[in-house]
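Throw the hints in and build the complete structure from the sequences for me.
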Amino acid sequence: MTRAEHGISRDDVSPNALKVMYRLNGAGFESYLVGGCVRDVLMGKVPKDFDVVTNATPEQIKGLFRNCRLIGRRFRLAHIVFGREIIEVATFRGHHSDEAKDTDAPKNKVRAKQDDQGQLVRDNVFGTIEEDAERRDFTFNAMYYSVADFTVKDFANGLDAIEKREVRLIGDPETRYREDPVRMLRAIRFAAKLQMTLHPETAAPIKNLAHLLQNIPAARLFEETLKLFLSGEGEKTFFMLHEYGLIAPLFPQIEPFLSDTSCREMQFIRKVLQNTDERINSNMRVTPAFLYAALLWYPLEEHAQRLQSESGLNAHDAFNIASGDVIAKQTQRIMIPKRFSTVIRDIWVLQQRLPKRFGKRAFQLLSHPKFRAGYDFLLVRGQIEGGKLLELAQWWTQFQHADNDKQRKLLNELRRTESSGNNNKRRKRRPPKRSPDA
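Heads up: the sequence shown begins at 896 in my numbering, then just goes up one per residue.
Check each hint, because a few of them may be wrong.
Pairwise CB distance ranges, derived in the manner of DEER restraints [claimed, not checked]:
1. G967 / A1043: 23 to 29 Å
2. K1301 / D906: 53 to 59 Å
3. K1102 / P1232: 56 to 62 Å
4. K1224 / G902: 28 to 34 Å
5. K914 / Q1293: 28 to 34 Å
6. R1174 / Q955: 40 to 46 Å
With a straight-line cut-off of 20 Å between C-alpha atoms, the simulated SDA-like cross-links for lysine to any residue are [stated by the list, open to error]:
7. K1131 / P1112
8. K940 / K1059
9. K1131 / R1165
10. K914 / Q955
11. K1255 / A1288
Honestly, the hints are just simulated from the structure, not real lab data. All C-beta atoms, glycine included, are put in the ideal place defined by N, C-alpha and C.
This is how it looks when you write it as structure tokens:
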């Protein structure tokens, strides 16, 4: 496509990405913008990042840029660092030869390797731009923009997919999913994010291959789940993942609740995802810890109650032990960094502390560094479960926004109410006194 046909301008491209391409071209190499950035510009969206592809090898790229670092073992990539912006540069991928399945080849000679289920565990085979396009995952990601002649090469009818609002894999879907099971998550993410539908052939194998996600490293799945749920379409993404059987492999502890999407557990998750989407789309900050705390809250409650009944533990100890167990079990599937797991536990612990408001406790809780996250969590729980939980959340809503006099008044009213309730429970009718002559 010529410039007149596609309408992409250099003004749409990051200046740093242009610098990278100009230098690669000046050194005699080919270079192109590729993938999501080209797709987004064609769809009238602002890309979040810009990826470059070239026929230069990673070592040749590093030789051209002092601000370059090479990363990855499975995929060898170059990151060109410009302050807070990173331009990712990849070498054209080629097709695999039989060496990918040769288990007897020396390790230092193997550039591509597949496991017994067809998953690529190493992939450093370089090739031409045509081969690279065939190796791309989705048709709309196989479009290449050249700053040398301002053309767009569309190898897989990606523009047609954009016009049809259709997510379609390049090649045989089952083979491509087996090569990299994360492509199943990417298919759902693109469908939700871009307001598209899955092509029937792309959708067909997903349910049967969902179990392959268990082969993906837990650290990689953490990064993928951030993209899934923090894109501004988290609610839609979650329920599409559920439709195609992809939630259970990611979050096995919430599997018992998935059969009934109208149950309180699923309604709670839905509400948290809705709130998260609203905050993201309003350019407000969100933390993955809050979302993970919500996804695992009811498994935590259930596990704590079971420990209490089976082991005779008190509620406090059962809750603390259950918190550690639930997080540990989840990190076997999705690695949760400590900076987030610590906040998750803070949010959970505050659910136990917020009902205890007497004396100085209310003021101490108000100064807790994670009070706001704990309060927001309590508020959603109250909206879903109602009753005393909603009354508690409403009390904290009033208390945190009140002045000192109003706060003291709220605490006095609470003390009188609690005292009255306790007296009514404890008061017993005494039997009439008998006279000595009786």
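Verification of the hints:
1. The given range of 23 to 29 Å is respected by G967 and A1043, whose C-beta atoms sit roughly 27 Å from each other.
2. For K1301 paired with D906, a C-beta distance near 54 Å keeps the hint of 53 to 59 Å intact.
3. Our hint of 56 to 62 Å for K1102 and P1232 is violated, since their Cβ atoms are close to 30 Å apart.
4. With their beta carbons about 50 Å apart, K1224 and G902 fall outside the hinted range of 28 to 34 Å.
5. As the Cβ distance of K914 to Q1293 is approximately 55 Å, the hint placing it in 28 to 34 Å is violated.
6. Under the hint 40 to 46 Å, the C-beta atoms of R1174 and Q955, about 43 Å apart, fit the expected range.
7. For the hint pairing K1131 with P1112, the CA-to-CA distance comes to about 25 Å; that exceeds 20 Å, so the pair is violated.
8. Taking the CA atoms of K940 and K1059, the gap is about 17 Å. The hint holds against a cut of 20 Å.
9. The suggested pairing of K1131 with R1165 holds, with an alpha-carbon distance near 9 Å, which does not exceed 20 Å.
10. Our distance criterion of 20 Å between C-alpha atoms is met by K914 and Q955, whose separation comes to about 16 Å.
11. About 18 Å separates the Cα atoms of K1255 and A1288, which keeps this hinted pair within 20 Å; it holds.
When the structure is compared with the earlier hints, violations turn up for hints 3, 4, 5 and 7 and for no others.
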